[in-house]
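Residue numbers (the numbering used here), protein chains in the order written: chain U, 10 to 597; chain F, 406 to 727.
There could be a bad hint or two in this list.
Here are the simulated lysine to aspartate or glutamate pairs, EDC-like style, with alpha carbons at most 20 Å apart [what the hints assert, rightly or not]:
#1 U/K502 with F/E456
#2 U/K270 with F/D576
#3 F/K459 with U/D475
#4 U/K212 with U/E75
#5 F/K459 with U/E75
#6 U/K37 with U/E363
#7 U/K270 with F/D588
#8 F/K444 with U/D147
#9 U/K569 with F/D576
#10 U/K386 with U/E545
#11 U/K270 with F/D578
#12 U/K212 with F/D576
#13 F/K444 with U/D465
#14 U/K221 with F/D576
#15 U/K273 with F/E684
#16 U/K472 with U/E437
#17 U/K221 with F/D578
#18 U/K273 with F/E550
#19 U/K212 with F/E456
#20 F/K459 with U/D147
Partial list, derived from the structure: chain U residues whose beta carbon lies under 8 Å from chain F [as the list claims (entries may be wrong)]:
#21 P151
#22 I170
#23 S209
#24 K212
#25 Q220
#26 V272
#27 K273
#28 Q474
Since the hints were derived computationally from the structure, they do not count as laboratory data. Computed from a prediction, not measured in an experiment: that's the story for all the values here. From the three backbone atoms N, C-alpha and C, an ideal C-beta is built for every residue, glycine too.
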Amino acid sequence: MLRLCFLLPLLATALSSCTPKSKVAREKHPLPAGVDTSKHEIGRQGGVFIDSTPGEPSTFNPLVSEDATSSGFIGLFLDSLVHNNPVTQEVEPGLATRWEIAADNKTFTFHLRPGVCWSDGHPFTADDVVFTFQAIYDPRFPNRAAFDLSVDGKKFTIEKIDDLTVRLTTPEIYAPFLETVGGVGLLPKHELESAFRDGSLLKAWNVSIAQKEPRRLLATGPFRLRSYQPAERIVFEANPHFWRADTQGVRLPYVDYLVTKLVKDANASTLAFATGQTDAEGLSPDNVAWIDQYATRYGFSVFNRGPSPNTGFIWFNQNPGKDASGKPFVPPHKLAWFTDRRFRQAISHGIDREGLVRGVLFGRGQPLWGPETPANKKWYNPNVTQYPFNPARSMELLTQSGFSLGPDQKLRDRLGNIVEFTLNTNQENQLRANMATAFKENMRDLGITVNLSFLDFGTLVGKIQDSYDYEAGMLGLTGGGDPAGGISVFSSKGRLHQWHPNQKIPATPWEARIDQLMSDQLHTLDYPTRKKYFDEVQKIMSDETPYIYLVTANAYVGLKDRWKNIRIPPLGSLVWNLDELWTPLITP
Amino acid sequence: MTLFILRRLLALLPMLFAVTLLVFALMSLAPGDFLTPVKAQRDINPALIAELQKSFGLDRPWYEQYALWLGNVLHLDFGYSWTYKVPVAQLIAQRAPATLLLSLTSLLLAWTLAIPLAVLAAARPGGWIDRITSAAAYFALAIPEFFLALLAVWMAARTGWFPIGGLTSLDHDFLSPSSQLLDIAYHLILPTLVLGLGGVAGTLRVLRANVLDVLQAEYVTAARAKGLPEKVVLFRHVLRNALNPLLSTIGYAFAGLLSGSLLVENVMNYPGLGRLVYEAFIREDQFVVLGSVVVGCSLLIIGNLLSDLALAWSDPRVRYGR
């Protein structure tokens, strides 16, 4: 037994030293005629980049993917016509080198990058683009992109002009056209056409095929799939046909392999980084302090990305409807409070947001006053109405609305009802639960009794979207990106217009105004005009406060110091330019 | 005999029906459904949600969904996973080998360690081997499996002697075939110990009692009187007769082959069926859960049948059928 104890550590060191140190031989292919030259620092080929992700990809097929994990992996190997650069928030050339917009603002002509090949060496042409759009619009294959790529239910038309030119036409002017097209991973016609014909396209490129025949997942992006071990890891390797190179003509990406460990949950993922096992990890504010202690031991640094695009807010149920048995969703006297703007504003003034930032986020965040956070540089409106912590102002507003504080220090409305409501939030999010508790304390100072109810996420969504049987809710939404993404929240018809969803006609004049603005901004391509409309939406949201915005946490990224040439975007993936990343130290 | 086997297999059908019906009803009672996380995303079109609901059959009452599923099962179609868009059978087959491997190694550990120890302990009741093994067995039986798993993970993280979870190293793909085998063996040590220790203790206690019983038998006295070496008496004559009752526990071991390690797999990050089923349950990916329930129940019935047959084969006094 003693001998065994000696043997085990020996075995461990023997195994860990098996890592390939020699240079990995890559397939050599000539650079395409339309090669894109990276303007960044010149690096060296080699190295393995390791990260981890909670959960599993559910598919490698972009028509099936509905979750961020799967879409993230698909984005590594399937490229699109254009890219949305999250650092500048501008649209950049991708598989199309340039594009023209016709005078009608509805016709877009894309010129494809010449000489690009799929990872199997087959040329990439306009046929692949046309095939992709055919597949997306085919009613046999219901998918998310088909809805993103249509205006008022009408599809875009696509035609091939020649092998390297395609023309897309939208039925109406559609503002986020380029951003939306940027997200569409183009599919290889020569590989998937048979599945398209026999109707099995949604079954193509599933996890089973990825495990058995990874090479069939053809790539135009910087990486191609090398192997997939369910519940263990995904290994991508440099795509030897990728269309970018550095100024010396060395093909990108620099790294040989991209290994993603698949772990059980976010805690396991954070732990893997904190113990030096992975190269990059997104960190939440409450984890930064303890992880930073290991920075020198494992050679990493923690970067502050600035405010995250995540918003947190409280809202009151303003739905005037009744359930099947004729009972109102909200008792009428409470509905009268909730639909009173001054009541909502008073609540907002009564929240100590600085205290929330200090106490819950350890100072790593900032107060939030509107639907967009400063992370969304392109669309954020800083000039919205703010409600700084001011209980005296709260009482003033409440008095104007007929509320009064009784001798028992309890707030009553003009009919003498004690002001009390139940706030529902989901139990899974610890930071949110802490904020709910702090909110309860703040409200007690105004004489308002708040009961907290922590529910399972499924139950909470059921209450908010189906039964409407609740008084107040607290949730968060990930904002960022184009205003078009927020239509379901801002528009009164919207499904996520949570205080009163799915309205037939707008219940209030200001909701009608928002509907008009959201529709107007969608039908012009002119950025300043759109910005003006969306600024007004943000202003109205802050004036009327249907959502009482709380705070936004900062986002953090931990990265091993051995990586050079890093661009960390404020939004989206941890590292924007994986293909340009390089390391002078090759061994992991 | 054939009649007996047929009858046992037929009994499988009502049981599967009852168990799956129960699981289905319970899952439909749980709040939310598979599409709840999708509904909470702000940029998903309501028309797509409606379409998905229809294609999954989630717009119908649960008993109708169950009837549809049952109808497909009669045609041996266990449905497909909503998450992965892969047939359930294929998904289970993808994950089963890892779980099977772990179950077999821990079973092997339990038997190879427990049998000689039990015989040696029983040979001298109250001797030092007996005392140490008994104490160790009580200790092992007292520690819950998941706690042992947590301890093992903590130990691995502290010492660095063992990998923290998984079945293969990051560089597994780049190793030579022999190193790959070594790599897997190295990763198996901890989970096998955690899962096998309870088995060692249980088997040890049962077998020790049996051996003690058999030692009282007259033929043992006869063998000893004949002058046979003690080793032969213990391991040829006593052990063979003492093993009989253990054969009936094989059935349970068989049933646990695919489901017994669910807890340990989840704690130790082991890439087997346990994690798949757990995640499917959390996501309410119904057919994957039902598929694994069907597999678990079938294994239990078949395992019991096998142990009955083994008993009949080893002990001529046991007869089934008429």
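For each hint given before, does the structure comply? Return the numbers of the non-compliant ones in rising order. Violated hints: 6, 8, 12, 22 and 23; rest satisfied.
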